[in-house]
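Quick mapping for you: the protein sequence lines, in order, are chains Y and C.
Take 52 as the starting number for the first sequence in the numbering used here and just add one per residue.
Take 2 as the starting number for the second sequence in the numbering used here and just add one per residue.
In case anyone wonders, no lab produced these hints; they're calculated from the structure.
Treat the hints with care, as some may be off.
Unchecked claim - Output of the computed footprint for chain C on chain Y, the stretches with three or more beta carbons under 8 Å from beta carbons of chain C:
(1) 72 to 80
(2) 85 to 92
(3) 125 to 139
Glycine included, C-beta positions come from ideal geometry on N, C-alpha and C.
One-letter residues, chain by chain:
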Amino acid sequence: MEKMLHNSAFRINTPRVVHQTIDGETIIIDFDNGAYFSIAGVGAVIWEQIAQNASVNDIVHALTQRYAGDHSDIETEVERFLSELQCEALIAPLDRAPSAPRRATPAMPDPNLASLPAFQAPSLHKYTDMQDLLLLDPIHEVDEQGWPIRKDATSG
Amino acid sequence: MTETNPLAFFESVYDAYQRAEQSAGGVIDRYYTIGDYTVRLQFAGHALVPFITPALEHLAISPDKTRADLTICLWDSASTATSMPPRPWELDDQIVRGEVRAFSNARIHTMLSGDVGAVSMLDETENLGVYWIRDACHVPTYERSAPLRAIIHWWMRQHGRFLVHAGAIGYQECGVLLVGKGGSGKSTSTLASLVHGWRYVGDDYCLLAPNGAPYVYSLYNSAKLNASHLENFPRLLSGISNPEELANEKALLYLHQHQPTSLISGLPVQVILLPRVTGRPETVVAPATPTAALQALGPSSLFQLPGIGQSEFLALADLVRKVPCYHLELGTELERIPQTMMKVLPQ
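Here chain Y stands alone, though its shape is the one from the complex:
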């Protein structure tokens, strides 16, 4: 896997993708292939950062402020998760770099680190049970005006 640049930034792949976050869990719908996804916890925090076009550095920094964990582990997991989201076409690279880094990284250890929840690797749950609602049979036969003909209407 190609190493991700730390100042890389992404955007949510709208309008193909729509998303909503409720109570720390995000539901994502991909209109192009009929799949939908859920992410919770750390993954939902990363998603919210992507929605703000945060860079990889910004995302890692935000997570170190909220979770207790090794900085390099967090960085590795963020890059892996971003790659997964990109593979599913839920996010796309931002054409331009973020306007200004919001914080330098790595972050200083938070004095309240001991009270922070432990960092857990983000995971993306994919559901494909509704793809049949979206993916239609290809049209094979058309009439002289070019309009599709119902399959059983051609057989007599």
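Got chain Y sorted already, so can you dock chain C onto it with the hints?
Below, chain C without anything else, positioned relative to chain Y:
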């Protein structure tokens, strides 16, 4: 190469409708109140009337020179001997959820039902829709049970309402939205509840006004049931409209014809239920998270309706935040389902 001009194509289709009207020897008008608005269906001849109107019959009003907010013109080529204008887009053009993007814009919406060769169009500015199908006899069961979904949905979006894939029933002034994909038990819950004073708003699609106090409007009086579930509702057997299709299709019933007093035009949404068939005898309710409700309601609604997007998803998210949500673990003792649902209604 065909020019991409949605308005010009709409006008050519409407011209063809007018020729079909002349060929058919006149217009058959039907008026309905849908989501507080008056909708006029204007048929070129009689051929489509028996396939389109039964599902809307409970919302019919008398056509006493009522001014329509939306007019939908319907015609078929077979009975009117009037051709549809040539298809102006390539078959491999981008068509998402049936919507032909190259022939849709802020004013004109175009949808192709590729399985039967039907076209739905709306001109938002003129409040005018057109529905065409090659042969009225080919109107599929899904269209007979829920006709004109796309046109109604497009138009209602301008008026703070949109279609959702959900059932809805009510007890007194309390509306219950039943959400979940096909096979989750929405129809079973709905039909099982039509006793003890429960009322029917819809089985599969309803019109939702999510702003303020959310309200669900009835759209269709149809109910669809898997043939294997028919034995659970022996009183409804005589009302099946498509007995010859049961080997391949769900049974289709029009409740307006058989239980008209059970129908209601709409209710405030006060509870959301997520049914699931368990196979156990008893029915159980348990609190559900808003996220679970959004997952049950959002994808199935958004995947089925053309032109729906982030703003409707946001409205659905607001709805599940505002309204209490429960899992409904459906048991096999159907008479207990309404009793159990009663436990979660506001006092």
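Each hint, compared with the structure:
no. : hint       : in the structure
1   : 72 to 80   : holds (count 5)
2   : 85 to 92   : holds (count 3)
3   : 125 to 139 : violated (count 0)
The structure does not agree with numbered hint 3 stated previously, though it agrees with all others.
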